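Top line first, the protein sequences correspond to chains V and D. If you're matching positions, the first sequence starts at 1 in the working numbering and goes up one per residue. If you're matching positions, the second sequence starts at 1 in the working numbering and goes up one per residue.
Hints are computed from structural coordinates only; laboratory data are not their basis. As the structure is a prediction and not an experimental result, all values here were calculated from the model. Some hints here could point you the wrong way.
With a straight-line cut-off of 30 Å between C-alpha atoms, the simulated DSBU-like cross-links for lysine-lysine are [claimed, not checked]:
hint: 1; chain 1: D; residue 1: K356; chain 2: V; residue 2: K76
hint: 2; chain 1: V; residue 1: K162; chain 2: D; residue 2: K356
hint: 3; chain 1: V; residue 1: K134; chain 2: D; residue 2: K232
hint: 4; chain 1: V; residue 1: K110; chain 2: V; residue 2: K134
hint: 5; chain 1: V; residue 1: K76; chain 2: V; residue 2: K113
hint: 6; chain 1: V; residue 1: K111; chain 2: V; residue 2: K162
hint: 7; chain 1: V; residue 1: K162; chain 2: V; residue 2: K134
hint: 8; chain 1: D; residue 1: K356; chain 2: D; residue 2: K32
hint: 9; chain 1: V; residue 1: K113; chain 2: V; residue 2: K162
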Amino acid sequence: MANTAHVHAADAVGETRRDFLQYTTIAMAGVGGVMMVWPLINSLNPAADTLALSTTDVNISGIGEGQRITVVWRGKPVFIAHRTAAEIDAANKVNVSELRDPQPDSARVKKGKEAFLIVEGSCTHFGCIPQGMKTTEPRGEFGGWFCPCHGSVYDTSGRIRKGPAPENLHIPPYAFTSDTTVRIG
Amino acid sequence: MSTEKSVWRKAYEWHEARLPIVTWLDHSLGTKYPVPRNLNYWWNFGSLAMFMLAVMIFSGIVLAMHYTPHATMAFDSVERIMRDVNNGWMIRYMHMNGASFFFIVVYIHILRGMYYGSYKAPREVLWWIGLLIYLAMMATAFLGYVLPWGQMSFWGATVITNFFSAIPGVGDSIVTLLWGGFGVDNPTLNRFFSLHYLLPFVIIGLVFLHIWALHVPGANNPLGIDAAPSDKIPFFPYYVMKDVFGLAVFVVFYFVVVFWFPNSMGEAVNYVTANPLQTPEHIVPEWYYLPFYAILRSIPNKLLGIILMFGSILILFALPWLDTSRVRSGNFRPVFRVFFAIWIVDVLILGYVGMKPAEGIIPTIGMIGTFWYFLHFAVILPVLGWLETPKPLPASISQAVLKPAE
Ligand code: HEM
Ligand code: FES
């Protein structure tokens with residue numbers, strides 16, 4: 001009988017030790033699994049050649065006051081608007097704290113070049129291209145852009161004013177390399 | 001005749017002793033699978049769905065032999081299938097309209113289950129697996145629709161991948177991961193093709209589990225009562241014959257559309273090559289997504305719209321508990337029948353709303369329709385189970401036939 005007792009005691013100890021070993025094995029296998037899966041998932045992120053930063057140079061001397069042009073950057077449209085004094089005024093008159101994505105107009109343009117608004121032409125809702133680049137297209141009730149997909153309305157500063165989009169039109173990185181050229185990217 | 005077994009019989013028994021596949025099939029879909037004797041034609045749609053899955057896989061594999069998954073070549077390769085590849089037009093039209101017919105069949109199959117209470121105990125897991133198949137089908141069809149790389153392919157993909165940007169914090173990184181670039185582009189097309197090829201085989205696996213879960217309790221029936229063994233007949237030959245007859249009728253409808261109205265359910269603008277610099281005037285998804293698209297658009301808040309759109313399908317997973325009535329079949333639930341009909345009309349209205357531009361009265365109708373959709377599941381069904389007095393149930397299937405309810 002002493003023998004059995006001995007076996008039982010050993011069993012009890014063995015059980016907990018074995019549990020511990022099993023848990024560590026499962027945990028290690030889990031960590032290993034994640035380490036193996038991550039490279040597979042990460043391979044779906046933009047590849048090096050896709051990431052290689054592209055830049056687009058634009059001559060803006062030909063854009064008359066009140067005109068808007070679309071240029072292509074990274075395969076997607078960027079809007080350049082040469083705004084009229086009235087349009088800039090309208091953008092500045094807004095009470096910023098009432099906006100969905102509060103930003104003063106001055107934070108969305110370069111100092112000294114306030115007439116030029118440069119934004120990505122991609123609705124912050126689900127990515128459609130907003131209308132309003134031509135005077136014949138609807139610009140929405142704030143005179144900026146109107147997205148036909150689900151009715152988002154942007155003002156003359158490209159800020160979201162109505163409709164489902166959560167954010168203002170994004171501003172791409174850009175700099176004026178001379179008085180008449182701007183480099184996007 | 002000798003008492004000796006024929007050599008074929010011996011060979012068969014030798015093989016069955018090693019891999020009893022015929023026995024297994026006989027128990028799955030043959031003479032050893034007992035089925036209630038009173039199934040009506042609404043029970044044909046499960047086998048029709050299996051047929052459509054097979055059609056999609058066979059036509060798809062052949063299409064893939066002619067198709068080029070590259071942003072500059074995909075559109076032209078599909079046009080080549082249409083014009084130059086022998087019978088290519090037919091194979092593509094079978095695949096394109098096959099998706100629509102697959103959804104028609106599955107929608108009827110789901111509505112059948114909802115009316116006859118097939119989701120109730122003990123068939124909850126069967127119901128869940130069905131919903132997973134439906135979700136996988138929606139994903140597969142979305143991925144496939146991107147492949148011809150037309151305008152609606154491109155902009156549909158843009159809008160739908162952008163759904164994920166609504167997730168707070170990590171949303172934008174997830175969208176970039178899905179795209180593999182700064183927008184929907186060649187890497188996106190490539191991976192969508194890979195996944196479009198994969199998912200139908202995942203669906204096969206789910207169908208296998210679906211059938212397995214069906215065989216544990218056995219099929220429900222129009223009376224919704226448990227069928228006694230004496231009220232069951234073998235699947236083969238009875239229901240095999242009935243399913244084959246249903247298939248013959250169905251195939252007529254399918255091929256009338258494939259041959260004479262192949263573009264009736266599509267969007268003309270998808271015959272224009274994808275242009276990342278121009279959004280089509282009016283973006284609409286394929287008809288089978290319209291009610292959900294309407295729910296998404298009716299909510300003037302991005303994140304909430306997404307949550308309600310996915311929620312409208314996810315809520316179906318809870319249906320076995322939201323419906324508190326213990327009576328399965330709608331035949332015995334007079335009030336439920338009325339609300340079920342109203343709900344179907346509501347979904348059809350939402351479908352119409354999803355098709356129209358969001359102007360004028362349309363968004364308001366969409367909001368009311370969305371409200372009713374959720375009201376039906378979250379309030380009406382639970383309360384109805386308590387308030388409604390169902391009609392008396394027959395004691396057995398044969399009693400219902402022999403002594404019709406007065
Ligand atoms: C659940 C089953 C499937 C569904 C619901 C489905 C759905 C679709 C849809 C809606 C399209 C777009 C048709 C169009 O507008 O042109 C499509 C295209 C395509 N599918 Fe599938 N598919 C399925 C299975 C498969 C399989 C197994 C393959 C095999 C590789 C495949 C290969 C293709 C190819 C190559 C295209 C592009 C050619 C075209 O657009 O006609 N599909 N699929
Ligand atoms: S994508 Fe612009 S409003 Fe939805």
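Hint check:
For the proposed pair K356(D) and K76(V), the alpha carbon gap of about 27 Å is at most 30 Å, so the pair holds. The suggested pairing of K162(V) with K356(D) holds, with an alpha-carbon distance near 20 Å, which does not exceed 30 Å. About 70 Å separates the Cα atoms of K134(V) and K232(D), which puts this hinted pair outside 30 Å; it is violated. As the CA atoms of K110(V) and K134(V) are separated by approximately 24 Å, the hinted pair is consistent with the 30 Å bound.
Using a Cα cut-off of 30 Å, the hinted pair K76(V) and K113(V) holds, with the two alpha carbons roughly 23 Å apart. The straight-line distance between the Cα atoms of K111(V) and K162(V) is roughly 27 Å, inside the 30 Å bound, and the hint therefore holds. Restraint check for K162(V) and K134(V): the C-alpha separation of about 21 Å stays at or below 30 Å, so the hint holds. A threshold of 30 Å between alpha carbons decides the hint, and for K356(D) with K32(D) the separation of about 51 Å lies outside it, so the pair is violated.
A threshold of 30 Å between alpha carbons decides the hint, and for K113(V) with K162(V) the separation of about 27 Å falls inside it, so the pair holds.
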